[in-house]
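Colleague: Please construct the entire structure, taking both the sequences and the accompanying hints into account.
Using my numbering, the letters of the sequence shown correspond one by one to residues 12 to 276.
Hints are supplied without guarantee of correctness; some may be wrong.
What the hints assert, rightly or not - In silico DSS-like pairs for lysine-lysine, Cα to Cα no more than 30 Å straight-line:
| no. | residue 1 | residue 2 |
| --- | --- | --- |
| 1 | Lys225 | Lys180 |
| 2 | Lys217 | Lys23 |
| 3 | Lys153 | Lys217 |
Said to hold, decoys possible - Simulated DEER-style distance windows between Cβ atoms:
| no. | residue 1 | residue 2 | range |
| --- | --- | --- | --- |
| 4 | Leu109 | Asp197 | 37 to 45 Å |
| 5 | Ala176 | Glu231 | 33 to 41 Å |
| 6 | Asp209 | His265 | 41 to 49 Å |
| 7 | Asp177 | Lys245 | 40 to 48 Å |
| 8 | Thr200 | Ser13 | 39 to 47 Å |
Quick caveat, the hints were computed from the structure, so don't treat them as lab data. Built from N, CA and C at the ideal position, the CB exists for glycine as well.
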Amino acid sequence: MSAVVYAVANQKGGVAKTTTTASLAAALAARGLNVLTVDLDPQACLTFSLGFDPDELSPTIHEVVTGRGTLAETVLTHDECDLAPANLDLAGAEVALLSRTGREYVLRAELIDLRGSYDAIFLDCPPSLGVLTLNGLTAADKVVIPVQCETLSHRGVSQLLETIADVQKLTNPQLEVAGLVATMFDTRTRHSREVLEDVQSRYGLKVLGVPVRKSVRFAEAPNMGRTILSHAPKVPGAAAYRVIAADLHGLTVHPEDLAAAEGHR
Numbered sequence: 012m013s014a015v016v017y018a019v020a021n022q023k024g025g026v027a028k029t030t031t032t033a034s035l036a037a038a039l040a041a042r043g044l045n046v047l048t049v050d051l052d053p054q055a056c057l058t059f060s061l062g063f064d065p066d067e068l069s070p071t072i073h074e075v076v077t078g079r080g081t082l083a084e085t086v087l088t089h090d091e092c093d094l095a096p097a098n099l100d101l102a103g104a105e106v107a108l109l110s111r112t113g114r115e116y117v118l119r120a121e122l123i124d125l126r127g128s129y130d131a132i133f134l135d136c137p138p139s140l141g142v143l144t145l146n147g148l149t150a151a152d153k154v155v156i157p158v159q160c161e162t163l164s165h166r167g168v169s170q171l172l173e174t175i176a177d178v179q180k181l182t183n184p185q186l187e188v189a190g191l192v193a194t195m196f197d198t199r200t201r202h203s204r205e206v207l208e209d210v211q212s213r214y215g216l217k218v219l220g221v222p223v224r225k226s227v228r229f230a231e232a233p234n235m236g237r238t239i240l241s242h243a244p245k246v247p248g249a250a251a252y253r254v255i256a257a258d259l260h261g262l263t264v265h266p267e268d269l270a271a272a273e274g275h276r
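Modeller: Structure representation (structure tokens):
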């Protein structure tokens, strides 16, 4: 067994990147897979969302990228998936990385010892194209790009795709773009459909699974230290992430999940 490593990336904030990371990880874990999530964002939103206080944790990814610890030493157990946590110290670590030889390969090297313990590893990249995101892209097998279904949501996707192309040339020739995850989809408006169609035609990328419909439950889940899949498993958004995870990882999509994701019972 060797894990497939997925980088979840979009330098635009507010597109449900962390929600997508946690939800896809939890969906695969619910199918019986061993899954690890890695928080590469100094804001530590993934760490907080899974119920941990970033300020109380040590070691974290900060120690890993500064060479003072291993990734395996940071791993915490959550009942939905494992987590390598982050905290605000990681913001300073990004500066420290700039002086390290082979800085783009730090995370990739650390994952070597963990790939055999997991079926899938999800990297929650920060909302930027800095050295931490480059580490994620260099370490990954595939990139998942969350895109909010609203005007201007896809601004910057072209820049991300240019960065991915550079990574493919320079540090990770095997990197693939798995596709887009359409988030915050409002079925009541033509606008959401038009944005989704525009993104698909503009970039020629596959939309994974089905669009994730808006729900207030997504805002509630992190306060409970849970993902949407355990906090509100019956809402269409939770079903959508189960469908997306299956599509992404090559598993059978359950018809009942597809029906629920599209609002049918």
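Colleague: Are the hints correct? Go through all of them and say.
Modeller: Here is what the structure says about each hint:
no.	hint	in the structure
1	Lys225 with Lys180	violated (37 Å)
2	Lys217 with Lys23	holds (19 Å)
3	Lys153 with Lys217	holds (13 Å)
4	Leu109 with Asp197: 37 to 45 Å	holds (41 Å)
5	Ala176 with Glu231: 33 to 41 Å	holds (38 Å)
6	Asp209 with His265: 41 to 49 Å	violated (30 Å)
7	Asp177 with Lys245: 40 to 48 Å	holds (42 Å)
8	Thr200 with Ser13: 39 to 47 Å	holds (43 Å)
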